[in-house]
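Peer 1: Make the full structure from the sequences, and use the hints.
The opening position of the sequence shown corresponds to residue 1 in this note's numbering, with each subsequent residue numbered one higher.
Note that these hints are calculated values from the structure, not bench results.
It cannot be assumed that every hint is accurate.
Derived Cβ-Cβ restraints for the label pairs, each shown as a range [stated by the list, open to error]:
| id | residue 1 | residue 2 | range |
| --- | --- | --- | --- |
| 1 | Glu-137 | Gly-162 | 17 to 27 Å |
| 2 | Lys-49 | Thr-196 | 33 to 43 Å |
| 3 | Ala-97 | Glu-200 | 13 to 23 Å |
| 4 | Ile-127 | Asp-160 | 34 to 44 Å |
| 5 | Asp-198 | Pro-50 | 34 to 44 Å |
All C-beta atoms, glycine included, are put in the ideal place defined by N, C-alpha and C.
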Amino acid sequence: MEVTHIPLKFLFDANCYLIQIETGYILIDTGIKNRRKQLEDAITDAGCKPGDLKLIIITHGHVDHVGNAAYLRDKYGAKIAMHSGDVKMVTGAGMFADAPPSLKIKLVGFFMNLTGLGDFETFTPDILLEDNQSLQEYGLDAQVIHTPGHSKGSISIIMDSGELFSGDIFNGSVEGVTNLVDDQSMLDSSVDHLKTRDPEVFYPGHGNPFKGRPLTGGGGVA
1 MEVTHIPLKF LFDANCYLIQ IETGYILIDT GIKNRRKQLE DAITDAGCKP GDLKLIIITH
61 GHVDHVGNAA YLRDKYGAKI AMHSGDVKMV TGAGMFADAP PSLKIKLVGF FMNLTGLGDF
121 ETFTPDILLE DNQSLQEYGL DAQVIHTPGH SKGSISIIMD SGELFSGDIF NGSVEGVTNL
181 VDDQSMLDSS VDHLKTRDPE VFYPGHGNPF KGRPLTGGGG VA
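Peer 2: Next up, the structure:
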């Protein structure tokens, strides 16, 4: 499996991953809108042209992961897939739809609005992914794992070969950092469940890919 790691600057790097499959490419997460040119340049450099991108998988509905999804769907002809738990975020209610009220969330929301980092084209996903769903019909030998806690609709993708695309359940720092949590007990359960899957390589939503070290959960600013 060939994976292109595309780190896009946010408050720190937010990751996108372009995976080459037999019939084209699949993109996991899309970064924020104001890094669109950087993302598209990386996609082009990897050899992906309009028509080649078959599927966009969204690990969760926060703006640093969905900011270019609608644009890429329109230009490249890809379908957008995500879990139903975060659909409200991307159809117009915003990234903190249904999130528990907290000072941290209010401050992050204020900052996003002030800087314009929260701007993106809203969209309705084409495909709603479910827990334990196989992705073989889309050309990927992988399975969806519903991993709520960071958000209600957070998902991870685990490949049959052992690679895990974890969104913001884990991050690439030495210690996992729980910056924004929708439900701590769900997050803990999701982390525990992912550990049982014994992934070999982690591709997190923020920070560098890693393998072979003790795991704590939480990751990502948003």
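Peer 1: Each hint should be assessed against the structure and marked as holding or not.
Peer 2: Hint check:
no.: 1; hint: Glu-137 x Gly-162: 17 to 27 Å; result: 21 Å, holds
no.: 2; hint: Lys-49 x Thr-196: 33 to 43 Å; result: 39 Å, holds
no.: 3; hint: Ala-97 x Glu-200: 13 to 23 Å; result: 35 Å, violated
no.: 4; hint: Ile-127 x Asp-160: 34 to 44 Å; result: 20 Å, violated
no.: 5; hint: Asp-198 x Pro-50: 34 to 44 Å; result: 38 Å, holds
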